[in-house]
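Participant: What follows is the residue order along each chain.
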Amino acid sequence: MRLERRTERSAALTLLAPVGAVVAALILSGGLIALAGANVGQAYLAILDGAFGSRLAWTETLTRTAPLILTGLAAAIAFRAKVWNIGGEGQFYLGAITAAALGSQNWLHLPAPLLIVALMAAGAVAGMVLLLVPVALRLRFGVDEVVTTLLLNFVVLLFVSMMIEGPLKDPLAFGWPQSVPIVSEAELPKLAERSRLHVGLLVALLLAILLQIMQSKTVFGLESRSVGLNPEASRFAGIPLGATLLKVACLSGGLAGLAGVIEVLGVKGYVTTDLSPGYGYAGIIVAMLANLQPLGVAAAAVFAATMFVGSDSMSRALGVPSFIADVTVAFSLLTMLVALLLSSYRIRR
Amino acid sequence: MSEAFEILGSVGLWAAVLRIATPLIFGTLGALICERAGVLNLGIEGIMSFGAMLGWLAVFQGADLWTGLLAAAIGGAAFGLLHAVMTVPLGLSQHVTGLGITLLASSLGYYVFRLAVPVQGTPPTITPFAPIDIPGLSDLPFIGPTLFAQTPPTYLAIACAALIAYVIARTPLGLAVRMTGENPHAAEAQGIDPIAVRIGAVVCGSALMGLGGAFLTLSAFNSFFPTMIQGRGWVCIALVVFAAWRPGRALFGALLFAFFDAYQLRLQTAYGSVVPYQLFLMMPYILSIVALIVMSRRARVPQALMQPYRRGER
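Here the protein sequences come in this chain order: R and X. The opening position of the first sequence corresponds to residue 22 in our numbering, with each subsequent residue numbered one higher. The opening position of the second sequence corresponds to residue 106 in our numbering, with each subsequent residue numbered one higher.
Bear in mind the hints are in silico, worked out from the structure with no lab data behind them. This one's a predicted model, so the numbers in the text were calculated from it and none came from an experiment. Don't take every hint at face value.
Unchecked claim - Cβ-Cβ distance ranges computed for the label pairs, FRET-style:
#1 P298(R) to G226(X): 41 to 51 Å
#2 I48(R) to V380(X): 21 to 31 Å
#3 V44(R) to G167(X): 37 to 47 Å
#4 T294(R) to G114(X): 30 to 40 Å
#5 I179(X) to T294(R): 30 to 40 Å
#6 V380(X) to P210(R): 39 to 49 Å
#7 P223(X) to I48(R): 23 to 33 Å
#8 R256(R) to G296(X): 13 to 23 Å
For each residue, glycine too, the CB sits at the ideal point set by N, CA and C.
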């Protein structure tokens, strides 16, 4: 018996890998839940119930899904071209603070839909610029963008903190550091009454579909994939490396910035330094679970959101620390890597 | 501006430099060992966090401080082994695996911490390492309080830097590590097992990262809280590049960096009313990026860094 590399992975295996990875992650986390003295099956049922058991629960889960789709797409688009954008968290916050700053007044007296589109564009551009810097540094000086994007996350968070304690501070917030709320015209329409679910989810899903088409049907999709697979061969084939990577950076940074915008316009209405419970980092896991496929990102985002929302109520009921959600999601990233490896080999006798 | 200069002469500033540098020395040396063998270890941020938690928890449960440090090193080594198994024999992406290790190690650390210590108003504390007192030396003016009144782990960090510099540059083991990082095929031709060397290097390096984290909870502070690493691990990754993958320079880089950090902290108290404090806090991260840009052209990267080694493959 020996292992042999598959030349092509079948559709069934491609679908099976993330399922197997999630199951393995749930089994590993199950051990930790047992360690906390809770019944594992009961805990997972409580998570499912907490995420989908009531109208409030499922609208909340879908509300959390929206930014995760966008940060997941940001990571998927970048990783496919081997642009290691780990700065989703920073781009998210820069998009958010840009939307909050510009949306605090309707400066140009735009009608609501136009104002929303303008704020989304502004936040996306902010995210783009933030990622263009590390990618340009890589192209010009050969500086690894992993470290620079990671370090910029901390810089941006401090910048946001500076803004909401300084020029953008809400004087009516009883001294809490938060930004001036956005005007009511800038608020995203709700998808369901009496819930926080907003049209940002539809925007995210639409972008996932568009990016799936872009990746599989357009020249740019092919180019961005080929510079990731083999930059030398791509250059030889006449694909401009620098221009392609910069375009990928614009898309990726823009998507993460947009995630920040919809959280401000759709959910909170203002910015605090705990606006994101790690959406930027979770987006990386979501992208990997989806095997970098945009439509898969939407499904993986639902899984992550289920864990995050469900574990909060499970934690209250069973006393298992809610950090179990982060642990499970992190496990699923590592098991997914192994699952992908296993699915690319076959056993020959 | 006179205050900015006055601070430079203060004992407090120079005493803080060694203290702030200690976790960075451990972390940078750890990352350096991994990279010299050809493996990028982005698990560092999470491993430091896990080490900080495990070391603290061991002491909180009644172990002595040195056992706490040992626990942190073993915890770090365990995650290092996971990273090594996934990236070396399995050859998975070092970038993604490392990030996964960071996310897993930090969240697992928070989970275990919450299990062991239920939510309370104020976080529980331990008695941390006390500064050593060398009769004669510690009483010297200026030099005494800055150099000879640190806590024991600080001297351990400096000793580690010297030891690692010696091992890497002067011993057969160091040569094997360097060869594996530069050209694993050539190393194998010399009878060295590149896979074993890489796994060993990542495990040892990760143990040092765990120690770096534990310094924070067992010496610099006396309690553990999530997000306490504050990007120190990423700074260490940048410092390795700044140090051009040399242990001596890593020590220098960590000290230089700690000097800027200690200086900005004091400037913050002096000028905090005029300049937003966040601008000072940004300095360490921005300096790291600047250091990366300045050194990028000159740096001698280990040639096989991030290239998985597969036997019999070119």
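Participant: Confirm or reject each hint.
Facilitator: For each hint, the structure was consulted:
1. For P298(R) and G226(X), the hinted distance range of 41 to 51 Å is not satisfied, since their beta carbons lie about 23 Å from each other.
2. With their beta carbons about 52 Å apart, I48(R) and V380(X) fall outside the hinted range of 21 to 31 Å.
3. Between V44(R) and G167(X), the C-beta spacing of about 39 Å keeps the proposed range 37 to 47 Å intact.
4. Judged by the Cβ atoms, the range 30 to 40 Å given for T294(R) and G114(X) holds: they are separated by roughly 36 Å.
5. Look at I179(X) against T294(R): about 35 Å separates their beta carbons, and that is inside 30 to 40 Å.
6. Between V380(X) and P210(R), the C-beta spacing of about 42 Å keeps the proposed range 39 to 49 Å intact.
7. For P223(X) and I48(R), the Cβ-Cβ distance of about 27 Å falls inside the hinted range of 23 to 33 Å, so the restraint holds.
8. For R256(R) and G296(X), the Cβ-Cβ distance of about 38 Å falls outside the hinted range of 13 to 23 Å, so the restraint is violated.
When each numbered hint is compared with the structure, violations occur for hints 1, 2, 8.
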